[in-house]
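Student: Quick note, the sequences are listed as chains X and Z, same order. FYI, the numbering for the first sequence is 19 to 402, going by the working numbering. FYI, the numbering for the second sequence is -5 to 290, going by the working numbering.
Calculated directly from the structure, the hints in this document are not laboratory data. One should not assume that every hint holds.
As the list claims (entries may be wrong) - Using 25 Å as the maximum straight-line C-alpha spacing, the simulated DMTMM-like pairs for lysine to aspartate or glutamate come out as follows:
id, chain 1, residue 1, chain 2, residue 2
1, X, Lys395, Z, Glu110
2, X, Lys275, Z, Glu110
3, X, Lys219, Z, Glu102
4, X, Lys194, Z, Glu110
5, X, Lys219, Z, Asp260
6, X, Lys395, X, Glu375
7, X, Lys314, Z, Glu110
8, X, Lys100, Z, Asp212
9, X, Lys275, Z, Asp212
10, X, Lys194, Z, Asp212
11, X, Lys194, X, Asp151
12, X, Lys315, Z, Glu110
13, X, Lys395, X, Asp377
14, X, Lys100, Z, Glu110
15, X, Lys219, Z, Asp212
To be verified - Reference excerpt, derived from the structure (chain X facing chain Z, CB under 10 Å, subset only):
id, residue
16, Gly62
17, Arg79
18, Val148
19, Asp151
20, Pro152
21, Leu224
22, Val228
23, Ile251
24, Asn255
25, Gly260
26, Val263
27, Lys275
28, Phe276
29, Ala279
30, Ala284
To be verified - Stretches of chain X that chain Z covers, calculated by requiring three or more beta carbons in the stretch to come under 8 Å of a beta carbon on chain Z:
id, stretch
31, 50 to 60
32, 229 to 240
33, 369 to 378
Ideal placement from N, C-alpha and C gives every residue a C-beta, glycine not left out.
Residue strings, one per chain:
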Amino acid sequence: MKGIVSKVVMGAAALGLMLAPPAWAENIKVGAILAVTGPMSFLGGPEARTLEMLVAETNARGGIDGKPVELILKDSTGNPEKAVSFAKQLIEEDKVVAIIGPSSSGETMQIKKIAEDGKTPLLSCAAAEVIVDPVASYVFKTPQKDSDAVRSIYQEMKKLGLTNMAVLVDNTGFGKAGQEQLVKIAPEFNIKVVENEVYDKAANDLSAVVAKIKANKEVQAVVNWSVVPAQSIVAKNIRQMGWDVPIFQSHGFGNIKFVEAAGAAADGIIFPASRLLIASDLPDGHPQKALLVKYKKDYEDKYKENVSAFGGYAYDAFIIFEAAVKKAGSLDRDKVRAAIEQLKGLPSATGIFTFSEKDHNGLTIDAFQMMTVKGGKFVAYPAK
Amino acid sequence: MSTELFVQYLFAGITYGSIYAIVAIGFNIIYNTTGIINFAQGEFVMLGGMIAITLLSFMPLPAAIALAVIITMIIGALIEIIFIRWLKNPSVLRMIIITIGLSILTREAAVHIWGENIRALPYFVGNEITTIGIMGARISPQVLWVVGVCGVMVAVLHLFFRATSVGREMRACAANRLATILCGINPRNMVTFSFVLSAGMGALAGCVMSPITYSQYDMGTGLAIKGFTVAILGGLGNSGGAVAAGLLLGVIEAFSVSVVPLAFQDAIAIAILLLILFVKPHGIFGSGEAARLKAF
């Protein structure tokens, strides 16, 4: 009896050895810390799905330089403490080549130093400018700069002759960073901030604060800078009060779900965003068009949901990672880091990336396209 | 402050307030029959909204809401029968931990069923931009639905506890459990019934508020905290007190926006809670004597 047992065990062990990938074919390990569930799941969900899709696609092609990519995905639930412990785990235990994420600016700021100390490239999918300003040598980010979004909004406000605005932001890292930039850049455009409020990311009715800013007769426009569903509530509350003030929102509005949530109140909201949202409307020959149309189609076929700008940020991070590994010809973290800084004119979902030692974002104001909502769909602004 | 702005704040406050009050009454119903706080109360609100949204693709809105309320009531009953009924003389702490566990369990189940996205029922009348004018202020008709439905629920509940025999038996059970048994009433059935009742109320509130506040798998926690604050303010177990305290808290929150930044809104609610607990530990409308009579 004992003999049989040991034979079975041996057999199973042998089978296990056969099934396991041979240890000498080196996998390219890439970590990802994304808020797949929780209040930030609007960001992390599409990001995680995009990465899984891209990794599967890359491996089907034979990997990067013949090496398969292994994605180690961690769900931070938007919690900075979790992001910190996952970052340490990925760097020290899993020994990943680079980390993609986190989804939110707050989490990214918490693990910035860990990536620096661990000498591991971090490709953040979060927007706040403080992530790359001042530049930290291992920290990069893919979303457009907040300040460029602010400038795009102010340029439109100027054109419409609006000078007094109310600023409403959510209390996430994205919201706070946006508020800072909005207030800082306003004087450049002779725009005055006449109301300035912060709302909770879990807020479920904001009619009181909307009533307050509406009562201020000086307000000519509302800038609603947020990345959470509550931004749709602001738009609804404004319209429900019968207030037809122009509403400007940030690139954080670039998810069709926010439009669905705001329903008819979303119509006419003006915001800067990635071209991904209007991929098929781009002129033929635009350097991003082909890849955007393919990404949108692949993603929507695979997951039966609309592509969002946030998934695009993870798309960028992976494309940059792939290009850098190829360029470096090595899986050495330092060489990959140096290779990222040398990438020039790399077209991706959000824009065309050109990095340098001083620029760890790689995008210009041109990565933004002004958009609006018409009949529940994103269209280029001004709407035709 | 202009009248228009005053009315606008008042309506915002009444909207928050009625929702808080309904959650608080849900706490009270179960507290009265069992002596525990059911921390899964907010999850009933979430379930009501979510189930109705799912059912909406198969049937018209009123039917979807009615069925969602019934399904949530059944879930409430099942929760009580499976997790609570068979416990013999459980300690208060154990019961509280069970309800917290149930709340987490429900939330996790919800994220698996419905995903992490926000959803919403359509507006009962008009759409997102429909507005009606009341004394110079402009509000969404849905606000009237929320306030109206909450008001009717409170009235019906009051009648139920006063005028029906089941209601009276539940009150008896709340007043003295031992005496109820001696009268031939089975308090265990009353406990099940209290879960059904508070699940149903929560679910209906979840449906009427969904167009305004959206429904999301994790909305229950925030509501439970506010509802708990209101239940304590109004005096645990006192439903009339819960209505008054709910409206009071909602209105204070709304008007606070005019003097302090919005970011302090929640801090104000908590500060009031602490103040009341120091000055009048049994709530504004609760009585210390009644609280001492509880087994709690």
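Student: Hints first: check each against the structure and report whether it holds.
Tutor: Now for the hints, and whether the structure bears them out:
no., hint, verdict
1, X:Lys395 <-> Z:Glu110, "holds, 22 Å"
2, X:Lys275 <-> Z:Glu110, "holds, 12 Å"
3, X:Lys219 <-> Z:Glu102, "holds, 20 Å"
4, X:Lys194 <-> Z:Glu110, "holds, 24 Å"
5, X:Lys219 <-> Z:Asp260, "holds, 12 Å"
6, X:Lys395 <-> X:Glu375, "violated, 39 Å"
7, X:Lys314 <-> Z:Glu110, "holds, 21 Å"
8, X:Lys100 <-> Z:Asp212, "holds, 18 Å"
9, X:Lys275 <-> Z:Asp212, "holds, 17 Å"
10, X:Lys194 <-> Z:Asp212, "holds, 23 Å"
11, X:Lys194 <-> X:Asp151, "holds, 15 Å"
12, X:Lys315 <-> Z:Glu110, "holds, 23 Å"
13, X:Lys395 <-> X:Asp377, "violated, 34 Å"
14, X:Lys100 <-> Z:Glu110, "holds, 18 Å"
15, X:Lys219 <-> Z:Asp212, "holds, 13 Å"
16, Gly62, "holds, 9 Å"
17, Arg79, "violated, 30 Å"
18, Val148, "violated, 20 Å"
19, Asp151, "violated, 25 Å"
20, Pro152, "violated, 28 Å"
21, Leu224, "holds, 8 Å"
22, Val228, "holds, 8 Å"
23, Ile251, "holds, 7 Å"
24, Asn255, "holds, 8 Å"
25, Gly260, "holds, 4 Å"
26, Val263, "violated, 13 Å"
27, Lys275, "holds, 6 Å"
28, Phe276, "holds, 9 Å"
29, Ala279, "holds, 6 Å"
30, Ala284, "holds, 8 Å"
31, 50 to 60, "holds (count 6)"
32, 229 to 240, "holds (count 4)"
33, 369 to 378, "violated (count 0)"
Consistency note: the structure conflicts with the earlier hints numbered 6, 13, 17, 18, 19, 20, 26, 33.
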